[in-house]
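Asks: Just so you know, the sequences run in chain order A and B. Taking the working numbering, I'd label the letters of the first sequence as residues 1 to 306. Taking the working numbering, I'd label the letters of the second sequence as residues 1001 to 1545.
Honestly, the hints are just simulated from the structure, not real lab data. Using N, Cα and C, we set each Cβ at its ideal position, and we do this for glycine too. Please note that a few of the clues may not be correct.
Unchecked claim - What follows is a list of derived Cβ distance ranges for each label pair:
1) B:1384 - A:161: 51 to 61 Å
2) A:64 - B:1151: 44 to 54 Å
3) B:1272 - A:144: 39 to 49 Å
4) B:1358 - A:15: 25 to 35 Å
5) B:1219 - A:138: 48 to 58 Å
6) A:64 - B:1391: 44 to 54 Å
7) B:1383 - A:144: 14 to 24 Å
8) B:1037 - A:25: 51 to 61 Å
Claimed, not checked - Facing chain B, a subset of chain A residues (Cβ under 7 Å, in silico):
9) 247
10) 248
11) 252
What the hints assert, rightly or not - Just so you have them, the derived chain B footprint on chain A, three or more residues with Cβ under 8 Å:
12) 27-38
13) 41-53
14) 88-96
15) 155-166
16) 266-280
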Amino acid sequence: MALTLLKRLAGAALILLGVAAVTFLLLYGLPADPAAMIAGRSATAASIAAVRHQLGLDLPLPEQFWRYLAGLAHGDLGRSYIQRTAVGTLIAARLPATLVLMVCGIGVEVALGLTLGVLAAVRRDRALDRAVMTLSFVGVSAPQFIVALLLLYVFAAQLGWLPMSGYGTPAHAVLPALTLGLLGAGWYARMVRSAMVDVLDRDYVRTARAKGLSAGRVVLRHALPNALLPIVAMIGIDVGQFMGGVVVVEAVYGWPGIGQLAFQAIQQVDVPIIMGVTLVSALAVVLGNLLADLAAPLLDPRIRAR
Amino acid sequence: MHPSLRTATAAAALALAFAAPPVRAEEPGQGGTAHQGGTVVVTYKDDIATLDPAVGYDWQNWSMINSLFSRLMDYRPGTAELVPSLADGYDVSPDGKTYTFRLHPGVKFTNGREIVAGDVKYSIERAVNPKTQGPGAGFFHSIVGADKMTDGSAQMMPGIEAVDDHTVRFHLVQPDATFLNVLALDFASAVPKEAVDAANGDFGKHPVGSGAFMLKDWTIGQKLTFARNPDYFKARPNLDGFTVEIGQEPLVNILRLQKGEIDIAGDGIPPAEYLKMKNDPAMAGTIVDRGQLETSYITINTTLKPFDDLRVRQALNMAINKERIIRIINGRATPATQVLPPLMPGYDKDYAGYPYDVAKAKALLKEAGVPDGFTTTLYAMNADPNPRIAQAIQQDLAAVGIKAEIKAEAQAQVIEAGGTKASAPLIWSGGMGWIADFPDPSDFYGPILGCGGATQGGWNWTWLCDKGYEAEATKADAMSEPSQKDARYAVWRGLFTKIMTESAPWVPVFNERRVVAKSKRMGGPDEIYIDPTEVIDYPSIFIKG
Chain A
1 MALTLLKRLA GAALILLGVA AVTFLLLYGL PADPAAMIAG RSATAASIAA
51 VRHQLGLDLP LPEQFWRYLA GLAHGDLGRS YIQRTAVGTL IAARLPATLV
101 LMVCGIGVEV ALGLTLGVLA AVRRDRALDR AVMTLSFVGV SAPQFIVALL
151 LLYVFAAQLG WLPMSGYGTP AHAVLPALTL GLLGAGWYAR MVRSAMVDVL
201 DRDYVRTARA KGLSAGRVVL RHALPNALLP IVAMIGIDVG QFMGGVVVVE
251 AVYGWPGIGQ LAFQAIQQVD VPIIMGVTLV SALAVVLGNL LADLAAPLLD
301 PRIRAR
Chain B
1001 MHPSLRTATA AAALALAFAA PPVRAEEPGQ GGTAHQGGTV VVTYKDDIAT
1051 LDPAVGYDWQ NWSMINSLFS RLMDYRPGTA ELVPSLADGY DVSPDGKTYT
1101 FRLHPGVKFT NGREIVAGDV KYSIERAVNP KTQGPGAGFF HSIVGADKMT
1151 DGSAQMMPGI EAVDDHTVRF HLVQPDATFL NVLALDFASA VPKEAVDAAN
1201 GDFGKHPVGS GAFMLKDWTI GQKLTFARNP DYFKARPNLD GFTVEIGQEP
1251 LVNILRLQKG EIDIAGDGIP PAEYLKMKND PAMAGTIVDR GQLETSYITI
1301 NTTLKPFDDL RVRQALNMAI NKERIIRIIN GRATPATQVL PPLMPGYDKD
1351 YAGYPYDVAK AKALLKEAGV PDGFTTTLYA MNADPNPRIA QAIQQDLAAV
1401 GIKAEIKAEA QAQVIEAGGT KASAPLIWSG GMGWIADFPD PSDFYGPILG
1451 CGGATQGGWN WTWLCDKGYE AEATKADAMS EPSQKDARYA VWRGLFTKIM
1501 TESAPWVPVF NERRVVAKSK RMGGPDEIYI DPTEVIDYPS IFIKG
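Looking at chain A on its own, in the form it has when it is part of the complex (with noise of 0.2 Å):
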């Protein structure tokens, strides 16, 4: 187990290393100077150089790159272009709103996705199964720009039952957590259903309902805990995606996560920010993955005798 676990983190520790060579590359071949475009509309060539040197830019690529490694060993991303802020600083501000949406849109499209999927599954080829399913089908497909508009203008702008944006109070979180989570649990509602499908047709579930249990304790006790395996990988994939920030969502409703900060520093070709977060969320794609591989043998017994 811990061996596993080494070799995980190995192998994380290389991704990330990837990630950042490809990142750096690739910002690098941008067609655009951020000297230039720091030193402004009354720049002289003298004074751009003078910038490209104190930004080290006039460094040769492998140098340059080198420099940024160090910096990170160190735990120091660099320096935005343009708000002059350290890059940790302005992750590390916006880090937590990030992290609370996370949790409220995963806990939302979990127990709305568990539900309407259990539903479905038990009530099969029956009129809310299609329901449902439909429903899940319009969840996943509409465009989360117009879901979170829609929401923001019947509770917010027309009820007035919530505030239309910003972040602060439980109030806040609850329209950009259920948009978030009206998608999800679109995908988690079909997940569910087809693997309790699968599992409701098996053997041991006959047999515990042969043995006089109620539906209740057949279904939440014998065939859900088996059903739930695929569901706990996909968390760990959307604990991933949710760290790498919710642009729209998080735009629509003023919400001031990494999303909104990585929106506007590719707007502005702010290469620091945009390593620093793609980084981050590399690092939480493959942290969330290993949480999820670690939480299955918890989970299922087969797992952890392998």
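Starting from the known structure of chain A, arrange chain B on it as the hints suggest.
Replies: Here is chain B on its own, set in the frame of chain A:
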């Protein structure tokens, strides 16, 4: 030092004649009586990049920085009229090359220390120093020693002299009619060295100034809280403070404005909603819609074939349907005939520009030897509405036989292409267009049409560099006597008209108006919400009493 010919009392004479009447914060404006007190909420979608006056250079932070710091010169609120600010007065030597300022005594930074002449010297040197990586260095080029400072070979500028604690003197390389405008730029704001050092490279998030307001709190990605500076040396600002909330969509902010949650939607109204809201009685009195010192244009790279032929550039000028392009942005602009916007001194009222005439354009192309047109590339910024405008330009060009491929890219990439010689044939300037740094016509020449800007990384994307034009521009800028003001504007007027008739390196397309939405409780005239030299004049705005 000769006794001065000009003194502070001459400041009014030097003031630029401007369309808008002067409005002072203390005076009752047309929007109700100036009322003291209260706090307001302002919103923007994008983060405030920095509040460091040597670095900040966008239309969001410019006004905030302006209200946090003091400078030797300032503009009377709502106007382009220069007035001494941190200085009580100034003298100019007869040759126009030496300016001596007397500091207002007893002005304190918000850290409690009194401002001395050395602070002014330090602050401007810091703005020019390449270590600061500030975008404003080039503005101070006429001060002795600025060139050596800019290229990093000197650590101070002998042209700025702290004579004693309350006197600062500037020595210029040559007379510069815009020097007082330069000293009114945010880049010339006084900052305390100890606070800059203490901020450890991040003064932009920990600003210490001596302006009307001070920064109380900055929650990154969420909001900035400004409070009245209790020790401010001038008439106190009207508001007790203001909060800037960031990160929310412009459309959401308009909804919040209608609900009374916020007071100023800094991003204005999204173009798609503009007409609807403008005609909505519920929005009456909330939309401020004013011209600004801006021109949006297509640059034509004069070094590339076939654009090196004047007739081709003139044909382009006649091929573009400006009215149709303005419809794309819902009429929020007026067609431009020339380089200068109508509000700028030196604008030529008698010059009508090139007419929209497809037949004539085709004839000119035939004359130039490209009767069947040619293929070329049009660069544009990738943010709405610029790609749509580029498409309209593309269609107009197609009508005269020119096939233009559109390259819609991020701002920095377009700027890079424009600033690289022989790289971008045509660029639509929208989103990067020229808004004047100060209300003087020279600002529309040097960086964007002069030889100085025609350099790698520069902003003269036409790569036009005409020795005759340079000589006239130099002549105009040497006319620094107040009595020469009108003559100087006349020189600029003639030069800009000549550039269009004899070189036509641009297609001036439109002069865009700025739109800000404010709640009904906000008082004061429109010009303090869209000020000619800053966007929102924070010290002047007020809540109606």
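Asks: Give a verdict on every hint.
Replies: Each hint tested on the structure:
At roughly 32 Å, the beta-carbon separation of residue 1384 of chain B and residue 161 of chain A lies outside the given 51 to 61 Å, and the hint is violated. Remark: the range hint 44 to 54 Å for residue 64 of chain A to residue 1151 of chain B is contradicted by a beta-carbon distance near 23 Å. Checking the proposed 39 to 49 Å range against residue 1272 of chain B and residue 144 of chain A shows it is violated: the Cβ atoms sit about 19 Å from each other. At about 58 Å, the CB distance of residue 1358 of chain B to residue 15 of chain A disagrees with the hint of 25 to 35 Å.
Evaluation of the 48 to 58 Å hint for residue 1219 of chain B and residue 138 of chain A yields a failure: the beta carbon distance comes to about 37 Å. Range check, residue 64 of chain A to residue 1391 of chain B: Cβ separation about 38 Å, and the 44 to 54 Å hint is violated. A beta carbon spacing of about 20 Å between residue 1383 of chain B and residue 144 of chain A agrees with the range 14 to 24 Å that was offered as a hint. For residue 1037 of chain B and residue 25 of chain A, the hinted distance range of 51 to 61 Å is satisfied, since their beta carbons lie about 56 Å from each other.
Below 7 Å, beta-carbon pairs count as interface contacts, and residue 247 of chain A has none with chain B, the closest being about 12 Å; its hint is therefore violated. A distance limit of 7 Å between C-beta atoms decides the matter here; for residue 248 of chain A the minimum to chain B is near 11 Å, and the interface restraint is violated. Given hint, residue 252 of chain A at the interface with chain B, holds; its Cβ is 6 Å from that chain's nearest Cβ, closer than 7 Å. Counting residues of the region 27-38 of chain A whose CB lies closer than 8 Å to any CB of chain B gives 9, so the stated coverage by that chain holds, three being the minimum.
Beta-carbon proximity to chain B at under 8 Å applies to 12 residues in the region 41-53 of chain A; the threshold of 3 is reached and the given coverage holds. Only residues whose C-beta sits within less than 8 Å of a C-beta in chain B count toward coverage, and the region 88-96 of chain A has 4 of them, enough to reach three; the restraint holds. Chain B is given as covering the region 155-166 of chain A, and this holds because 6 residues of the stretch bring a CB closer than 8 Å to a CB of that chain, at least three being needed. With a cut-off of 8 Å between beta carbons, the region 266-280 of chain A has 4 residues touching chain B; three or more are needed, and the interface restraint holds.
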